[in-house]
Amino acid sequence: MPFISNWPVDDLDNKYDQYANMLFKLCLVILSSESDAEDAVQESFIRYIRKKPKFNDSGHEKAWFIKVATNICRDMRRFTLKHKTVNITELSDYYQDKEQGYILEQILTLPSKYKCVIHLYYVEGYKVNEIAKIIGTSQSAVKMRLLRGRKLLKIELEEEYNL
Amino acid sequence: MREKDIIDAINGIHVNPLVKARIMNLDKQKYKPKVQVNLGKPIVTVVVILLICSLGLGIPFLSGNKTSLLPGGFGIIAYAANGDKVALSPNVETSLGKYSPMMSSVPGFPFHIEFIRMAVQQIQVSVDNGTILIWEPTGGTVEDKGKSYIYQTGDTIYWSPLSKDSVLSKESILTISAIKNDSEIMKAEILIKELDDSEYCAEIIYLMSKPVKVNGG
Chain A
1 MPFISNWPVD
11 DLDNKYDQYA
21 NMLFKLCLVI
31 LSSESDAEDA
41 VQESFIRYIR
51 KKPKFNDSGH
61 EKAWFIKVAT
71 NICRDMRRFT
81 LKHKTVNITE
91 LSDYYQDKEQ
101 GYILEQILTL
111 PSKYKCVIHL
121 YYVEGYKVNE
131 IAKIIGTSQS
141 AVKMRLLRGR
151 KLLKIELEEE
161 YNL
Chain B
164 MREKDIIDAI
174 NGIHVNPLVK
184 ARIMNLDKQK
194 YKPKVQVNLG
204 KPIVTVVVIL
214 LICSLGLGIP
224 FLSGNKTSLL
234 PGGFGIIAYA
244 ANGDKVALSP
254 NVETSLGKYS
264 PMMSSVPGFP
274 FHIEFIRMAV
284 QQIQVSVDNG
294 TILIWEPTGG
304 TVEDKGKSYI
314 YQTGDTIYWS
324 PLSKDSVLSK
334 ESILTISAIK
344 NDSEIMKAEI
354 LIKELDDSEY
364 CAEIIYLMSK
374 PVKVNGG
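Keeping their order, the protein sequence lines are chains A and B.
At position 16 of the first sequence the residue is numbered 16 (this note's numbering), and the sequence of numbers has no breaks.
Just add 163 to the spot in the second sequence (first one is 1) and you have this note's numbering.
With the rest of the complex left out, here is chain A (with noise of 0.2 Å):
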């Protein structure tokens, strides 16, 4: 039975600097639990030492993760549907003061397939038709995710704010 005992070290450290930071804040905001999403970039990259995958480039290799991560968050959040509540004060070493605590708080409370669309397109900066295709789905779906997401999201903070 092979064992993957000679991975290049160098080659997983550098994969590692340029995506764990990533690919965590994507399984955070996703999964909502931090631990849950340590273990998805922990899963992320044993999928690849698995695969060993030949990319075109920088941005297949980037978009490549980025999948793998998504699909491993969504079969974990099968098994955690149950436990959706978001306890912010466990994430509290991820914001700097009381507004930015609240502000990822209704981004983590959002559903799932809005907040992985807004995450891919806001701070990734990736177009509609990429994250499409990255996500596996058409680029309708897209928008109106994108389109309901941005709505809650604002109508919540807005709600917030007005009181």
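The hints are simulated quantities; they were obtained by calculation from the structure and are not laboratory data.
Here are the simulated lysine-lysine pairs, BS3-like style, with alpha carbons at most 25 Å apart:
| # | chain 1 | residue 1 | chain 2 | residue 2 |
| --- | --- | --- | --- | --- |
| 1 | A | 98 | B | 167 |
| 2 | B | 167 | A | 143 |
| 3 | B | 308 | B | 261 |
| 4 | B | 343 | A | 98 |
| 5 | A | 151 | B | 167 |
| 6 | B | 308 | B | 327 |
| 7 | B | 248 | A | 15 |
| 8 | A | 133 | A | 52 |
| 9 | A | 154 | B | 167 |
| 10 | A | 62 | B | 167 |
| 11 | B | 167 | A | 127 |
| 12 | A | 113 | B | 167 |
| 13 | A | 15 | A | 133 |
Using the hints, position chain B against chain A.
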């Protein structure tokens, strides 16, 4: 403006540095690729496990080496004699390699404590054998801190098996204790021992961590 708030909020998220140690250790844990199950393989697997057990090597997947992230959001990082960075895990013997105070270019085994999610008031470090040293590689100065030291965030401490009276210790327990609001919220005991022929290893043999809310309320 609002979009910026969203981006800023998400960009505040950062991955715990210890996740890197977990991933970089995947290779060392000889991570197995998925294999398709057929009728012959379970029998072979059972035979292999029995062989391993009969050789007294233990069962690898019960070794508890799944994660290097310790409860409470802190990590204890050791550096082996060859410079390899290793995150210590409870009840897992981690090899630190060969070390001799006379032959080595460093004054002892480096240890670094990372507190990721735990706000602490003070960290006390002590050893029962050997000496705690602080070393400034650029200036070349070595400070002998004796048996105990108040750890400063970001410090790398060195444990030397050589004590003041020139006795070479074969083992020592390095105790790390984190204090908050005058009570101990974390305590870890690390057994450092010489196995054979200047080969050292380290293992967390005791770990206590109380959950603490950073933002009370």
